[in-house]
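The task is simple: from the sequences and hints, build the whole structure.
Chains as they are written, first to last, in numbering that gives the first Met the number 0: chain A, 0 to 328; chain B, 0 to 328; chain C, 0 to 328; chain D, 0 to 328.
I should point out that these hints are in silico values taken from the structure, not numbers from a laboratory. Note that the coordinates shown come from a computational prediction; the quantities given were computed from them, not determined experimentally. For each residue, glycine too, the CB sits at the ideal point set by N, CA and C. Among the hints, erroneous ones may be present.
To be verified - BS3-like, lysine-lysine: derived pairs with alpha carbons at most 25 Å apart:
no., chain 1, residue 1, chain 2, residue 2
1, A, Lys234, B, Lys133
2, D, Lys113, C, Lys133
3, A, Lys133, A, Lys116
To be verified - So these bits of chain A aren't anywhere near chain D, every CB distance computed over 10 Å:
no., residue
4, Gly40
5, Gly54
6, Ser66
7, Gln71
8, Ser98
9, Leu231
10, Lys234
11, Ala307
12, Glu324
Unchecked claim - Derived CB-CB ranges, DEER-like:
no., chain 1, residue 1, chain 2, residue 2, range
13, A, Lys289, D, Ala186, 47 to 57 Å
14, B, Lys289, D, Lys178, 29 to 39 Å
15, D, Lys289, B, Lys178, 29 to 39 Å
Number of protein chains: 4
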Amino acid sequence: MAAVLRGCRYLVGRYPKHVDFAFVSTRSMASKTQVGFIGLGNMGNPMAKNLLKHGYPVIATDVFPESCKEVQELGAQIVDNPAEVADKADRIITMLPSSPNVIDAYTGPNGILKKVKKGSLLIDSSTIDPAVSKEMAAAAEKMGAVFMDAPVSGGVGAASSGKLTFMVGGAEEEFTAAKELLSCMGANVVYCGQVGTGQAAKICNNMLLAIGMIGTSETMNLGIRLGLDPKLLAKILNMSSGRCWSSDTYNPVPGVMEGVPSGNNYQGGFGTQLMAKDLGLAQNTATNTKTPVPLGSLAHQIYRMMCARGYANKDFSSVFQFLREEEGQ
Amino acid sequence: MAAVLRGCRYLVGRYPKHVDFAFVSTRSMASKTQVGFIGLGNMGNPMAKNLLKHGYPVIATDVFPESCKEVQELGAQIVDNPAEVADKADRIITMLPSSPNVIDAYTGPNGILKKVKKGSLLIDSSTIDPAVSKEMAAAAEKMGAVFMDAPVSGGVGAASSGKLTFMVGGAEEEFTAAKELLSCMGANVVYCGQVGTGQAAKICNNMLLAIGMIGTSETMNLGIRLGLDPKLLAKILNMSSGRCWSSDTYNPVPGVMEGVPSGNNYQGGFGTQLMAKDLGLAQNTATNTKTPVPLGSLAHQIYRMMCARGYANKDFSSVFQFLREEEGQ
Amino acid sequence: MAAVLRGCRYLVGRYPKHVDFAFVSTRSMASKTQVGFIGLGNMGNPMAKNLLKHGYPVIATDVFPESCKEVQELGAQIVDNPAEVADKADRIITMLPSSPNVIDAYTGPNGILKKVKKGSLLIDSSTIDPAVSKEMAAAAEKMGAVFMDAPVSGGVGAASSGKLTFMVGGAEEEFTAAKELLSCMGANVVYCGQVGTGQAAKICNNMLLAIGMIGTSETMNLGIRLGLDPKLLAKILNMSSGRCWSSDTYNPVPGVMEGVPSGNNYQGGFGTQLMAKDLGLAQNTATNTKTPVPLGSLAHQIYRMMCARGYANKDFSSVFQFLREEEGQ
Amino acid sequence: MAAVLRGCRYLVGRYPKHVDFAFVSTRSMASKTQVGFIGLGNMGNPMAKNLLKHGYPVIATDVFPESCKEVQELGAQIVDNPAEVADKADRIITMLPSSPNVIDAYTGPNGILKKVKKGSLLIDSSTIDPAVSKEMAAAAEKMGAVFMDAPVSGGVGAASSGKLTFMVGGAEEEFTAAKELLSCMGANVVYCGQVGTGQAAKICNNMLLAIGMIGTSETMNLGIRLGLDPKLLAKILNMSSGRCWSSDTYNPVPGVMEGVPSGNNYQGGFGTQLMAKDLGLAQNTATNTKTPVPLGSLAHQIYRMMCARGYANKDFSSVFQFLREEEGQ
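Here's what the structure looks like:
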């Protein structure tokens, strides 16, 4: 019942008068009805599995058919393209690599919006330009559907264990419905504001993360060269105003901490290439909003240079290694 | 006599066997003998007062006689110059603005080393180039004295309340004696390693602090322009990997936190000019050790530009204000 | 009829055999037929006047009707929107502030492509993202028209005196026709390659210009502080490897050269805001092509900061003033 | 006779009254009397040879005896240390790698000033911190000698062919005497002002050179990725406001120009390590004079990172190669 009203409330919110309940979406009436999932890559795959574990029937698709095998074996129905997903599910999650993929999955010739049902809830967990999120939201609204951006923080490990953090932008009255689904895949689901603010929060966090990581790497390297023991230096920073996540939780210097990529030759973790992509988004939004981001901009350039020097697939904390190698080696 | 004995203990510290306790220094045995203090500025003044409060007779000097009045009224003996301090005290603390002042106070015509007693303990709490600390240590050693660098973190408030953090470099066997004095003025006294590592730790911390502060300011500004509420954005960053001291303890955006300079028009706190000075030291040590510090270097330039634009005396978190002003205003 | 024939010539250009000259376009044969002009701002106005001076009938439009008065008085026919221009002229020049304006003028509801004639030659002299130029070219090609990008270097003065430089991208076989028109407004018309390369050349030049200007300003300022006479320093740089256009032709230090904005309180010339815009384009194309541009990126940030500090409308050489102001002033 | 008077004039200039001509230096009376030369490295060796070619008897020394062989075979007298050079020659040129070497050669235990004759002319062609030049000048003045800084531009090739440019700082009345010697080794000898301004001019030029080179490399790389032909792009830049020495005389892109290191796998030319050193000097002088040099500072960091990545001994134009390598290669 609450679900019925909830659907009502949505329509009411926009067209408050003369609601004909006969036309109200049944989308979330039975919460264990089908959920669409588009994009079964490294992140999407474990996310879809977590939906299945929580009892949701999943109807999925991916441009690479082989990516669908695992979830198919676990019971998901596989269809040919996003339009078909939209034909069969009124709650859909998309998890795609970049803006053009998202644009295609929503507005392309076989895109969601070709067959989307009125009242559908479309949640995009890709990390893309907030301006694209806004465009998708506007296009969805024209079709009577609701679009929310809900990018994640946390990598493949968090996706597998259902411990992602979702940063959600969109109509506040839809947040409860979105949270119901996202909670199957994440430990934190944070409402950020209007459409695009989920992306904004994600991009902002990652820009500051990149700055903190490069800064920590420079600082640790300088301290070591000045004769400080790296563990002691990390300890001093972490009890002082230099403290940051990169120094106290994900230290880039091999041997300072256990269980982080710096202790494993920078394997695993969050790739330099992915960080460069997110910094590119940050740079684009900053340019478009005429916002000066001098350190964010330089961080972008450094990760871009690292990609050009063979670090593309190493964890982004490998900037320590990039900066420290000695002359003559 | 005390000096001779002290010198023994010092040597004993290095050759730990066959210690004849009869010869152990009385320097710290009689802990409430005179302590010299050179440099009674904004920081030195409250520090010297804390020594007096702890019952130490203080013999002090400053190039500006008027700076001596307060401690004189509290019982300190004032003399004309560092040499005279050294003539009367075998434990001396120096707290001076910059490298040239330190060089002069130690090796100048009326410097400490002109009259230093063998076995004296010389503690420099100024923030200077670690290379200068090493030079002073070598010069002191020639005179049979021990030099330690012990720069502080924490500002005038922490100095007044005796809550400074001291980062100490020098012979480890002298650390206990140094700590006895420094504990009167600080809450934390951390041993960092050989001479100069105290400075190194201080400089490293402040470089990372500057990077974190500018990064936080850029990020908050970008997020606000993208439609995020600043308090919400700070909360998201602080539960995510963008978290740093500047975001969670000293947020630069007015209204996000209470009790920080951003809430008080950037009055008080740690001045931009002082940060620019510390970043200049970081830059110099990085240049001299051929260490790349791209973000540290750009942070230095930004604080330098801020000094040129009227921000010299505002708290260093005012970089948020520097970056955010709108076109046309 | 002319349009049909012109279309033939265009096709002929691609399929060079069996050309029947009887079908060759009359577009440029009767060179003094109407030329469309869209965008009569600071630059477009004098450009359109030069077309009139060269005897071309001009049919023009601008979103601000008052911008049309001058050319109307000189004989230009004013119409309501770009579609109407396209209805009456098969050679059209657009000169607009930014990418969205160009997109609207070509593909908007009253855009050129609504009524463009087959075989029309569309030349865009705006400075925009080369990716947008490519999109416009593709859209024009669908309608049987030819699009070329032809951004200019040189400011309002060069526009008035017909001394602009045009950097032209597009089908090489159309270059002669484009050059015929552009030569009325410019002293140099350079063919750069496929569509978008005109923009690329413009953006590249301006990025290097910005780097050179900031670099010259830093260098002159440093030299002056080190005791060098600015005129002498400029002379030394200009006979050495530091030489660049900003040092030898447009020196940013007041008093070093005559007839440049630095001698006139940075009035006139090329505004900081316009430079920031071009650097934003450079940054975007670099991000999109994954090209590291560390100095270009920092130059962008510096001009962005200057805009935020009141320099938006000063000549871009005012970066010297921005960097040099003394502490305490 | 002129030479005698010239010597007089010098003393007169400083102690204008009561000159006793008996004590006047005979230094430059016979211009082909011995010239001292200290530092026979890659640059010093061909410079000393040019002095020999011009008929000057040379008395030389170097810390590496084997460096002395060539000039010894050509007739130079080799002595053990700078003090002995000063004992036998009253005009001395020093050409050393860095500030500490210069300090040692002048003020060390076997330094020039131990045996320098009153009225001697000491010319330092090393590239060092201008502050050190000033210290050396002050120390020399105490001994009655004259010190001038005269760093060079031009590499080993220019040193061999006698085509160096000397930038000279020091007492103007000594310039003629300095020029007489320096003209044997260089094509241009430029008077820059007081002591240290020769260094200042050198450092300023090289900072702007580094900025221009990195800027040109970024720009060329960006343009190529945007589809421009590199030769055409260079041509366009060189006729436009992006023009600089690095684009028109020493283009970093292989194939654009002949006879430059980019055409020879970046062999020869001016090594990245040497550029990093000069940028370190620029950074230090900027820090010490509180001058913002954002691009110069970033250029320093980039050349420092290049040294850490294996580019130390390649020509500094190899920054193009450093920036351009593709992802995945």
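I'd like to know which numbered hints this structure contradicts. Please list them from smallest to largest. Numbers 2, 11 and 12, in rising order.
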